[in-house]
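Residue strings, one per chain:
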Amino acid sequence: MVNSDTVKRLDRIALQLRADVVEMIGVGKAGHLGGSVSLGEIVAALYFQKMRFDPKHITDPNRDRFLLSKGHAVLIQYAALIEHGIIPRAELKQVKTLAGVLQGHPDMTRTPGMEAVTGSLGQGLSIGVGMALGLRLDGRSSRVYVIMGDGELAEGQVWEAAMAACRFKVDQLTGIVDRNRIQATGPTKEIFDIPDIERKWESFGWHVITVNGHDVAQVIEALDAAEQVKGRPTVIVADTVKGKGVSFAEHNAAFHNGIFTEEQYRQAMAEIETRRAELEKD
Amino acid sequence: MAPVKNLREAYGQALVALGRRERNVVALEADLGKSTRSILFQAEFPERYFEMGIAEQNMASTAAGLALAGKIPFMHSFAVFASGRAFDQLRNAVCIPGLPVRICGSSAGLSDFGDGKTHQALEDVAIMRALPGMTVLCPADAVEVGKMVECLLDWKGPVYIRINRNDLPFVCPEAEPYRIGKVWKLREGTDAAVFACGVMVSKALEAAEALAKEGVSVRVLNVSTLKPLDREAIVTHAAGVRAIVTAEEANIIGGLGSAVVEALRGVRHAPVEFIGVEDSFGLSAENYEILLQRFGLTAAAVADAVKGLLEKE
Numbered sequence: 001m002v003n004s005d006t007v008k009r010l011d012r013i014a015l016q017l018r019a020d021v022v023e024m025i026g027v028g029k030a031g032h033l034g035g036s037v038s039l040g041e042i043v044a045a046l047y048f049q050k051m052r053f054d055p056k057h058i059t060d061p062n063r064d065r066f067l068l069s070k071g072h073a074v075l076i077q078y079a080a081l082i083e084h085g086i087i088p089r090a091e092l093k094q095v096k097t098l099a100g101v102l103q104g105h106p107d108m109t110r111t112p113g114m115e116a117v118t119g120s121l122g123q124g125l126s127i128g129v130g131m132a133l134g135l136r137l138d139g140r141s142s143r144v145y146v147i148m149g150d151g152e153l154a155e156g157q158v159w160e161a162a163m164a165a166c167r168f169k170v171d172q173l174t175g176i177v178d179r180n181r182i183q184a185t186g187p188t189k190e191i192f193d194i195p196d197i198e199r200k201w202e203s204f205g206w207h208v209i210t211v212n213g214h215d216v217a218q219v220i221e222a223l224d225a226a227e228q229v230k231g232r233p234t235v236i237v238a239d240t241v242k243g244k245g246v247s248f249a250e251h252n253a254a255f256h257n258g259i260f261t262e263e264q265y266r267q268a269m270a271e272i273e274t275r276r277a278e279l280e281k282d
Numbered sequence: 001m002a003p004v005k006n007l008r009e010a011y012g013q014a015l016v017a018l019g020r021r022e023r024n025v026v027a028l029e030a031d032l033g034k035s036t037r038s039i040l041f042q043a044e045f046p047e048r049y050f051e052m053g054i055a056e057q058n059m060a061s062t063a064a065g066l067a068l069a070g071k072i073p074f075m076h077s078f079a080v081f082a083s084g085r086a087f088d089q090l091r092n093a094v095c096i097p098g099l100p101v102r103i104c105g106s107s108a109g110l111s112d113f114g115d116g117k118t119h120q121a122l123e124d125v126a127i128m129r130a131l132p133g134m135t136v137l138c139p140a141d142a143v144e145v146g147k148m149v150e151c152l153l154d155w156k157g158p159v160y161i162r163i164n165r166n167d168l169p170f171v172c173p174e175a176e177p178y179r180i181g182k183v184w185k186l187r188e189g190t191d192a193a194v195f196a197c198g199v200m201v202s203k204a205l206e207a208a209e210a211l212a213k214e215g216v217s218v219r220v221l222n223v224s225t226l227k228p229l230d231r232e233a234i235v236t237h238a239a240g241v242r243a244i245v246t247a248e249e250a251n252i253i254g255g256l257g258s259a260v261v262e263a264l265r266g267v268r269h270a271p272v273e274f275i276g277v278e279d280s281f282g283l284s285a286e287n288y289e290i291l292l293q294r295f296g297l298t299a300a301a302v303a304d305a306v307k308g309l310l311e312k313e
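Chain order of the listed sequences is A and B.
Read in my numbering, the first sequence has 7 at position 7, and its numbers run on one by one without any break.
Read in my numbering, the second sequence has 117 at position 117, and its numbers run on one by one without any break.
The set of hints was computed from the structure by calculation and includes no laboratory data.
Zero decoy hints are in this set.
Some chain B residues close to chain A (C-beta under 8 Å, calculated; not the full set):
#1 Gln57
#2 Asn58
#3 Ala63
#4 Gly65
#5 Lys71
#6 Pro97
The beta-carbon is built from N, C-alpha and C at its ideal position, and this holds for glycine as well.
Please put together the full structure from these sequences, using the hints given.
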């Protein structure tokens with residue numbers, strides 16, 4: 001059981017991460033809101049509870065690794081790194097500008113705390129397999145977490161990596177599928193339906209856990225369980241809501257990479273603040 | 001022990017030697033280890049060898065992950081797949097962060113003579129050269145393969161090394177200290193300069209020998225490092241002659257010829273002719289030599305190109 005203080009703390013952090021994402025997108029600029037905020041609780045659980053990772057020593061070879069294969073959602077990772085003080089808060093205001101360090105997709109050459117270059121979809125899990133193999137060769141027990149999108153599962157390379165991870169029994173690797181059911185141009189059901197996601201992973205040899213991706217207790221229990229599985233990797237299929245926490249963006253493909261009007265921006269921030277006040281009352 | 005003449009065998013032996021020197025050297029293979037000779041590494045270091053199956057894209061990204069964990073990964077396939085099938089993975093996960101992944105493109109050029117268009121790599125030089133930060137190597141003989149691979153322990157950033165499938169004549173002087181990036185003058189001459197790489201180095205030397213008998217003096221350069229190209233060396237070696245010919249076993253679009261002319265931009269130089277494949281795919285053939293002849297990759301073609309330019313004066 002995850003204790004209630006931990007849940008409360010992580011729920012607050014998830015809200016703060018969402019607020020940061022909304023602030024990064026700002027008014028009049030396109031930004032990948034939907035698939036970033038669908039990861040709020042998952043990123044909070046990893047970066048603020050589960051991962052062995054010292055913000056003061058981000059190159060420690062024994063750290064756990066976080067790879068965002070669905071690289072377009074990088075704003076939520078930036079938010080976590082900002083909250084940890086790894087990226088200066090001032091960078092919030094200059095995402096995707098020549099002066100800033102926060103690129104449109106994960107870029108380890110520009111941004112502190114990034115572990116790889118991802119965003120060309122389908123590649124993160126393979127990178128994670130390689131990292132885990134390298135760590136294992138060195139006798140390190142660090143874990144590697146790879147976040148994928150559900151739309152991304154159409155990339156054949158994901159399944160090449162899924163096979164390789166089992167072939168090499170890479171149990172230091174945990175995959176997380178952000179099943180928000182919306183891809184760039186519409187609902188996955190209409191655009192490119194991939195049924196039986198759990199059964200697919202199972203048939204490739206993975207241990208599979210399904211959770212509500214907005215329930216931090218469930219997320220942490222699944223991450224703990226994954227760590228106990230030996231001899232094969234685990235994938236957590238997390239049911240989430242694209243655009244979570246911003247009512248007009250929820251389940252809305254327009255906010256896959258949408259633009260806020262001034263009014264929408266204010267509304268988004270107000271909704272997050274309202275939720276924050278509710279949490280404080282609990 | 002006499003050195004082997006086969007470039008793949010030399011590669012496999014050199015990789016084993018590197019593995020003995022450095023425990024962070026690891027190898028990845030896509031089910032062609034018997035051909036690429038990566039199996040020599042597997043035999044000695046099974047725990048550092050990853051048979052990834054017939055899945056080149058995953059192999060390339062996995063190599064990136066291994067590099068991010070501090071390893072020096074050597075990944076293997078036929079040149080056509082190593083460069084083409086996994087291009088996006090090499091571009092994004094390897095080249096953008098400049099990781100020390102070594103890509104062995106085996107059976108490069110037309111050297112896999114029997115297998116035809118799908119398995120012969122003529123565009124690999126152009127596409128690998130176009131990737132920012134990628135080092136592109138094309139050794140001329142088995143001795144050079146060994147020396148090059150030895151340098152790959154410390155060389156910064158990603159490397160694509162093009163390995164010929166077959167035995168090639170020895171052309172590289174053994175005694176000289178080796179370094180990646182050097183343009184090697186194998187023969188002095190005053191009338192023409194021939195810049196060659198890979199199998200075409202021996203053809204260029206043959207051409208120079210034949211032309212000498214006709215009173216034409218030809219300088220022969222081995223440009224085994226196609227990128228980063230030593231621009232100053234190209235300019236120096238291209239100076240003082242009346243004809244410049246490039247010779248390569250690749251598409252002339254984006255290959256060695258293009259690289260030499262890029263290096264010569266902004267300086268006055270003699271007229272240039274390219275010997276290479278004229279924007280074409282390969283073919284299946286009975287043997288390597290007749291396939292090279294079919295595409296005009298011969299000593300005679302190099303000699304004719306030199307004479308053609310000199311006659312135009």
